[in-house]
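With the hints as constraints, model all of the structure from the sequences given.
Sequence order for the protein chains is U and E.
Here the numbering used here is used: the first residue of the first sequence is 1, the next is one more, and so on.
Here the numbering used here is used: the first residue of the second sequence is 1, the next is one more, and so on.
Worth double-checking, as some hints may not be accurate.
Using 30 Å as the maximum straight-line C-alpha spacing, the simulated DSSO-like pairs for lysine-lysine come out as follows [claimed, not checked]:
(1) E/136 / U/67
(2) E/118 / U/178
(3) U/118 / E/176
(4) U/181 / E/118
(5) U/70 / U/146
(6) U/67 / E/13
(7) U/181 / E/68
Keep in mind the hints are simulated off the structure, nothing from the lab.
There are 2 protein chains.
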Amino acid sequence: MRNYKKRDFPVAKVRRFLEVGPIVLVSSYYKGEHNIMTMGWHTVMEFSPSLVGCMITAANHSFELIKKSKECVINIPTVDMIDTIVGIGNCSGTDVDKFSEFDLTATPATQVSAPMIKECYANFECKVVDTSLLNKYNFFILEVVKAHVATSPRYPRTVHYRGDGIFMVSGEHINKRKLFKPEML
Amino acid sequence: MRNYKKRDFPVAKVRRFLEVGPIVLVSSYYKGEHNIMTMGWHTVMEFSPSLVGCMITAANHSFELIKKSKECVINIPTVDMIDTIVGIGNCSGTDVDKFSEFDLTATPATQVSAPMIKECYANFECKVVDTSLLNKYNFFILEVVKAHVATSPRYPRTVHYRGDGIFMVSGEHINKRKLFKPEML
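If you want it as C-alpha cells, here you go:
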C-alpha cells in the first residue's frame, strides 16, 4: 500500500474525487469503538457547504457508530488496496477490529473523533448534518468539514463497484475545458 | 455514435451501471416540451424498489419538467458521445431543442412520457417517488420502473466527471468474486 504525502484541500472541491463514483471506506468512532465500512452508494449534493449524501444499511455496525457520534471520515482507497476493500466489506465490525485485521493505520482527524485511514489517497472529515431520510432510506447527509488529499498523483486510480464481485478501475482522462462556457466550469 | 441493440434488463440490477458513477443524460417531457440535461450527482439508494437519488439544480430547465411531470429517463451515454455530453450541459433547453441540436433520436418509453435517447447504451425509465428533500436540496428520489440495456458490450466505456472540464473514462475490470461471502454478492 502507498504512503501518500497529503495536503489540505478545499472542501468545496471534493467533487473532483467523489463525483466520479469510487468505492470509499468510511471510518467511524463512538465511545471507544471504531470501525470501517466499504461504501458505494453516495453522491455529492452541494459545493458549499460541501454536502455528500450516502446510504448506509442499518444492519451495518458502522450505522450505529455514525448515527450516535454524528461523525465519520470518508477515505478514498486506490486499486492497490482492492483486496482490503473487498475484505472490509465482507466482515463485520462486531467480530473484528478492521484496522488491525487489515493492517491499516488510524491517524487522528482534526475536526471529528473518527480516525482517518492513512493508507488512503484522500480523507474527508464529515459531520452528519441531516437525518431526515434516515428512518425511511438509511440515508445520511454529511458535510465535509476538512479534506486531506495526496499531493501526487493528480488523479488516483480508484475502484468502482458494479455488483457481483466485479470492479471497474478508473481509466484515462480527457480534458474538454475548451467546450465549456466559463460559468459552467 | 453507436446504434445499440437493447434488451429489457431487471430494474433491481441497474446498480451495475449507476453505482460506478457515470455522467448520465436525463430526458424529460411535460405538456409538449421535452429536454435533456447532463447529470453527475446521483446515487443508487435501494435495489427493490429500484431507487435512485439525484440532485437537479432548480435553475435548470429540466427541473420544472421533471417536477411537474414526475417522470424522466436516465440515459447512459458512452465516451464516443463526450462532445454531446459537454454540449448538452453547456446550453439551456429554454433556448434550444437539444434532441435536434445534438442530432439525438427520441424514442418512446413504455412507462413514462419522457423520451429515451436511442444513441445511449442504457435507458432507465423513472418515476419521481419522493420529493421531501426537493425544497431544501433540489434532491429527487426516483424509482426505475423499466430498464433497457444494450446487449453488447457487457460493460460500457462511460465518462465520469471531475469538474473543471476534466472527464475520467472507465477503465479495465477486475473480478474479485472469490473473495466475497456468498451472501455479499
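_Hints the structure fails to honour_ = none
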